[in-house]
Amino acid sequence: MTESNENSGKSDRLEVLKTYKMYIDGKFPRTESARYYQPVVNGTSLGNVCLASRKDVRNSVVAARSAQAAWARRTAYNRAQILYRIAEMLEGRSQQFLDELIRQGMEADSAETQITQSIDRLIYYAGWCDKYQQVFSSVNPVASSHFNFSTLEPVGVVFAVASRDCPLLGLISLIAPVIASGNTCVVLASENSPLSAITFAEVLATSDVPGGVVNILTGRVEELSEHFSRHLDVNAIACDGLGVDLNTTIKEFASETIKRVKIYHQEWSAEAAANPYLIQDFCEVKTTWHPIEQITESGASY
Amino acid sequence: MNQSQIARVFKSPVIDQVGVVERAKRFTTRSIKSEAKMQGLEMVLSMIDLTTLEGMDTEGKVKQLCYKAQHLHDSIDGLPTVAAICVYPNFVGLAKRCLAGSGINVASVATAFPSGNSSLEIKLADVSMAVSEGADEIDMVISRGRFHRGEYNFVFDEIAAVKAACGEARLKTILETGELGSLDKVRLASDIAIAAGADFIKTSTGKIQPAATMPVTLVMLEAIRDHFQKTGLMVGMKPAGGISKSKLALHYLIMVKETLGDAWLDPKWFRFGASSLANDVLMQIEKQRTGAYQAANYFAID
Amino acid sequence: MTHKNSNWDLSPAPESTGHISLNDHYGVFIDGEFRTPDHGNRFQSINPATGEVLAEITESSSQDVDRAVAAARAAYAGEWSKMGGRERGKYLYRLARMLQEKSREFAVIESLDGGKPIRESRDVDVPLAAAHLFYYAGWADKLSYAFPNRNPQPIGVAGQIIPWNFPLLMAAWKIAPALATGNTVVLKPAETTSLTALKLAELIQEAGFPPGVVNVVTGHGDVGAAIVKHEDVDKVAFTGSTEVGKLIQKSIAGTNKRCTLELGGKAANIVFDDAAIDQAVEGIVNGIYFNQGHVCCAGSRLFVQESIHDQLIEKLKHRMGTLIVGDPMDKNTDVGAINSREQLATIEQYIEVGKQEGAEFYQAECQLPDAGFWCRPTLFTDVAQSNRIAQEEIFGPVLAVQTFRTVAEVIKKANNTPYGLSAGVWTDKGSKIFNMTAQMKAGVVWANTYNLFDPTSPFGGFKESGFGREGGLHGLSAYLDI
Numbered sequence: 001m002t003e004s005n006e007n008s009g010k011s012d013r014l015e016v017l018k019t020y021k022m023y024i025d026g027k028f029p030r031t032e033s034a035r036y037y038q039p040v041v042n043g044t045s046l047g048n049v050c051l052a053s054r055k056d057v058r059n060s061v062v063a064a065r066s067a068q069a070a071w072a073r074r075t076a077y078n079r080a081q082i083l084y085r086i087a088e089m090l091e092g093r094s095q096q097f098l099d100e101l102i103r104q105g106m107e108a109d110s111a112e113t114q115i116t117q118s119i120d121r122l123i124y125y126a127g128w129c130d131k132y133q134q135v136f137s138s139v140n141p142v143a144s145s146h147f148n149f150s151t152l153e154p155v156g157v158v159f160a161v162a163s164r165d166c167p168l169l170g171l172i173s174l175i176a177p178v179i180a181s182g183n184t185c186v187v188l189a190s191e192n193s194p195l196s197a198i199t200f201a202e203v204l205a206t207s208d209v210p211g212g213v214v215n216i217l218t219g220r221v222e223e224l225s226e227h228f229s230r231h232l233d234v235n236a237i238a239c240d241g242l243g244v245d246l247n248t249t250i251k252e253f254a255s256e257t258i259k260r261v262k263i264y265h266q267e268w269s270a271e272a273a274a275n276p277y278l279i280q281d282f283c284e285v286k287t288t289w290h291p292i293e294q295i296t297e298s299g300a301s302y
Numbered sequence: 001m002n003q004s005q006i007a008r009v010f011k012s013p014v015i016d017q018v019g020v021v022e023r024a025k026r027f028t029t030r031s032i033k034s035e036a037k038m039q040g041l042e043m044v045l046s047m048i049d050l051t052t053l054e055g056m057d058t059e060g061k062v063k064q065l066c067y068k069a070q071h072l073h074d075s076i077d078g079l080p081t082v083a084a085i086c087v088y089p090n091f092v093g094l095a096k097r098c099l100a101g102s103g104i105n106v107a108s109v110a111t112a113f114p115s116g117n118s119s120l121e122i123k124l125a126d127v128s129m130a131v132s133e134g135a136d137e138i139d140m141v142i143s144r145g146r147f148h149r150g151e152y153n154f155v156f157d158e159i160a161a162v163k164a165a166c167g168e169a170r171l172k173t174i175l176e177t178g179e180l181g182s183l184d185k186v187r188l189a190s191d192i193a194i195a196a197g198a199d200f201i202k203t204s205t206g207k208i209q210p211a212a213t214m215p216v217t218l219v220m221l222e223a224i225r226d227h228f229q230k231t232g233l234m235v236g237m238k239p240a241g242g243i244s245k246s247k248l249a250l251h252y253l254i255m256v257k258e259t260l261g262d263a264w265l266d267p268k269w270f271r272f273g274a275s276s277l278a279n280d281v282l283m284q285i286e287k288q289r290t291g292a293y294q295a296a297n298y299f300a301i302d
Numbered sequence: 001m002t003h004k005n006s007n008w009d010l011s012p013a014p015e016s017t018g019h020i021s022l023n024d025h026y027g028v029f030i031d032g033e034f035r036t037p038d039h040g041n042r043f044q045s046i047n048p049a050t051g052e053v054l055a056e057i058t059e060s061s062s063q064d065v066d067r068a069v070a071a072a073r074a075a076y077a078g079e080w081s082k083m084g085g086r087e088r089g090k091y092l093y094r095l096a097r098m099l100q101e102k103s104r105e106f107a108v109i110e111s112l113d114g115g116k117p118i119r120e121s122r123d124v125d126v127p128l129a130a131a132h133l134f135y136y137a138g139w140a141d142k143l144s145y146a147f148p149n150r151n152p153q154p155i156g157v158a159g160q161i162i163p164w165n166f167p168l169l170m171a172a173w174k175i176a177p178a179l180a181t182g183n184t185v186v187l188k189p190a191e192t193t194s195l196t197a198l199k200l201a202e203l204i205q206e207a208g209f210p211p212g213v214v215n216v217v218t219g220h221g222d223v224g225a226a227i228v229k230h231e232d233v234d235k236v237a238f239t240g241s242t243e244v245g246k247l248i249q250k251s252i253a254g255t256n257k258r259c260t261l262e263l264g265g266k267a268a269n270i271v272f273d274d275a276a277i278d279q280a281v282e283g284i285v286n287g288i289y290f291n292q293g294h295v296c297c298a299g300s301r302l303f304v305q306e307s308i309h310d311q312l313i314e315k316l317k318h319r320m321g322t323l324i325v326g327d328p329m330d331k332n333t334d335v336g337a338i339n340s341r342e343q344l345a346t347i348e349q350y351i352e353v354g355k356q357e358g359a360e361f362y363q364a365e366c367q368l369p370d371a372g373f374w375c376r377p378t379l380f381t382d383v384a385q386s387n388r389i390a391q392e393e394i395f396g397p398v399l400a401v402q403t404f405r406t407v408a409e410v411i412k413k414a415n416n417t418p419y420g421l422s423a424g425v426w427t428d429k430g431s432k433i434f435n436m437t438a439q440m441k442a443g444v445v446w447a448n449t450y451n452l453f454d455p456t457s458p459f460g461g462f463k464e465s466g467f468g469r470e471g472g473l474h475g476l477s478a479y480l481d482i
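Chains as they are written, first to last, in this note's numbering: chain R, 1 to 302; chain G, 1 to 302; chain B, 1 to 482.
Chain R extracted, bound-state conformation (with noise of 0.2 Å):
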């Protein structure tokens, strides 16, 4: 009985450590590069974290690449129904988010309130899926017997460097205006806090966001930086909290190909910080024409 009682005993089990992967393609694979590193908070590993490379970055555009149309394709409704999940599922697993934010060195207050404000967030943009269209698009009176209008469009793949400091809501405040179009994402985590975002890659792979829709890689954005800003695949940049130095060495290569490039300071937390324009941001305005007939009660004028 004592023997069974000391080795029923919590610190005498081994834990199970959870390893660390990528989200590609709705996959967790390690690293192509299978290196690793060691984010350290407060003197403390947070363990071993994939270190991804350049051809992680190319995998992850192709996945993105391949599952944009049809994500664009589904309905608005069904993109606000897939948001709204990963809200869902995000409250479920709040607990989990809640210790890891707090491994990454953050408050518990603040966690709490990181984690209540991303499924928010979630929310907020789930809802957006099907209104920003009507908010920004627009009938053109021409002065000519045309019918004229422009809609939005997602841009396409979209390549975003999540915030360094605020892990979960930083990164997801970028993911869900970005999706919520109909674009597809890879998303450089946080270096220093990438165990959140892994988390939730889980997140995403149990919400119906189809495979690919969302990537998330961790690593080193000085590392990638010239693979994604160069990479032709890609259509536009997110930049979320970068230097200077960074932020131009980005856009210098994402010339080559006229990406569309958004830097960002943003104070995530604020409640101007979720608005439709960062839809918006990653949309282009498509305008067409047609004829329009002239024939009238009163009869043809031809």
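Among these hints, one or two may not hold up.
[To be verified] Incomplete in silico selection of chain R near chain B, CB under 7 Å:
#, residue
1, F149
2, S150
3, I258
4, V285
5, T287
[As the list claims (entries may be wrong)] Here chain B is said to cover these stretches of chain G; the calculated rule only asks that three of the stretch's residues, wherever they fall, bring their Cβ under 8 Å from a Cβ of chain B:
#, region
6, 18-24
7, 140-147
8, 257-267
Hints are computed from structural coordinates only; laboratory data are not their basis.
A virtual CB, placed ideally from N, CA and C, is assigned to each residue, including glycine.
Based on these hints, arrange chains G and B on the given structure of chain R.
Just chains G and B now, kept in the frame of chain R:
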């Protein structure tokens, strides 16, 4: 018999009204100056079917018209005559006698003009009467009611029967485009008339508004062009009603030239059905000759 | 039936050039005055239809650019940004009206300087430029309605660099939204076509704009580069080649400058077998031969469904035969002069490439004038997607025709390009139109029409055709912090 079969055989191309109106307007931006203008104005005169088609027509009126046809404006030497005069069948004999030796044709409306609402028997009798009186040209109307019912075979057969009754006389088929309702229908009616053997297709009776317009005429010219490109056979065109100014007439000629080519710039292949156009052309010719703007009172109305 | 005619050819109908006023030489327009810089560097503006010199234009120095930017900054910091939207709008309305009043003079100079047919400058360029000013004038005091939940503010000094294909119209496209939103402007016209921008500066002066609100500096590419790189320029707007657009984007990468780029294109113009074929032919002609094909959104790749290919090409050739090529000042001219010797050389080189690639070559028969730069309307059939003439922007009256069989095939081929400015779709079937226009990766899609422009209609590209929109409500955001 399935009445839509003919339509299927013809495969009339669809027409975009706005595009036709744009194209027609483009012809009116052609600037017709000096030499070309004089040549054009004389051409217009030579293509006129000087017309009187009124319930109150009398022998006196027809005689005056025939005189005017031969003496457009005697103070100007070398003017061409009009191509034809156009009268009801009961005045054909008189017109023939008045115009003997002038080279001017006599055209007669027939087939229960202008409505076309009678039996085939009576219509053919109408045609035979005009032909036996010496008509050189017959201007028939199609059965618009039957056309709107989709009885394209009937319309086709009727035109073919009238053509047979015309003998040597050339047949102009009036579509009465103002009653057809759309340019698609104008094109379909043109194709049916051409296939049934019309020598000319003609827009209007002059009794219905709108009568001839440039867009309607353009659609009919394109039908003629397509037939020529397919068969090598020429068909003539006659816009009628609503063309009273020489500038507009010149724009019609530009349209004929650019749509069909110079071969159609001949009274054998192109006519204007008009009553007041001739005097406006004469005023313009006088203005070109003298440099002074003219007044209507100096030109005999009949 | 006595009249017997031979061919009826149009007599010359030249537009009178007596009504215009041009100086022998032009300075730069800075701080409300035309100024002749001390360096005295000038170059000639040539009439491309005759080779004659129209005027001498100042080759601006970097000091001239400095002065222009300083004037724009002072005007922005001073009167202009403090002025209410309503008053700003009234200046633009006034400018629009004065341009309408002088429309003929502007049209004539535009055609003399750029080689485009007077019919186009008279009926398209000048009226659209005035309409653009008029449209944005009305936005000046209504900006808060354009951006829900925002308080839009002007950016500052806008550096604007415009191309030679629509000189006045592009100046209006740039200036109108910039001024309506409360910015000030340094504008650089293209070196071959500076005259109407300078005439517009005269009009701005005449309209009594506060000095420095609009400044015009002239010269070659290095003048544009000096504007782009100037540290006191807050916003860059460029219309021109993709090549230069990339350089601009790169050169301002280290700054917070806002940027809009309207670049090249290689538009697919797609004709299905159920299309209104004669109107489609008209749209094809308008799509590629409008303005000698010097149009970034030109429908330079024609995709024809195989079942109607032969019929359509026959009709197209017939229509090409009716195009009148020659003196831009003749009111009957449909296709004018190629803008410059350099551009003509580029076009001719591509025509050679097309022949070498094995495409079937056809040109409309027409007489060309002796002097000046000319290119007959040109058609290549039997073109493959991999041909250079089907991939690269030629910017001339050269059409590359390919065939397709299915909707899926043509969508794939049409989007198989780094460009994405415009596209055309011709079909009578509504559901097909909505699918096709949605599938085209292009900023402007014309269905059953082509090459139409309107101030209310946003214009701009996807992909390497640039970013940002000009025209309409969407054109405002390029000049505002929202």
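*Against chain B, run the beta carbon of F149(R) and see if the smallest gap drops under 7 Å.*
Check failed: Cβ of F149(R) comes no nearer than 9 Å to chain B, outside 7 Å.
*Coverage claim, chain B over the region 257-267 of chain G, checked by counting residues with Cβ within 8 Å (three needed)*: holds (count 6)
*Do three or more residues from the region 140-147 of chain G put their C-beta atoms closer than 8 Å to C-beta atoms of chain B?*
violated (count 0)
*asked:* Using the nearest Cβ pair, does I258(R) come within less than 7 Å of chain B?
replied: holds (5 Å)
*Taking the closest Cβ pair, is T287(R) under 7 Å from chain B?*
At about 5 Å, which falls below the 7 Å cut-off, the nearest Cβ of chain B leaves the hint on T287(R) intact, so it holds.
*Taking 7 Å as the limit, does the beta-carbon of S150(R) come near enough to a beta-carbon in chain B?*
holds (5 Å)
*Report holds or violated for chain B covering the region 18-24 of chain G, Cβ cut-off 8 Å, minimum 3 residues.*
holds (count 5)
*Under 7 Å, Cβ to Cβ, is where V285(R) needs to be relative to chain B, so tell me if that hint holds or is violated.*
Constraint on V285(R) satisfied, holds at 5 Å.
Figure legend: structure checked against the earlier numbered hints; hints not met, in rising order: 1, 7.
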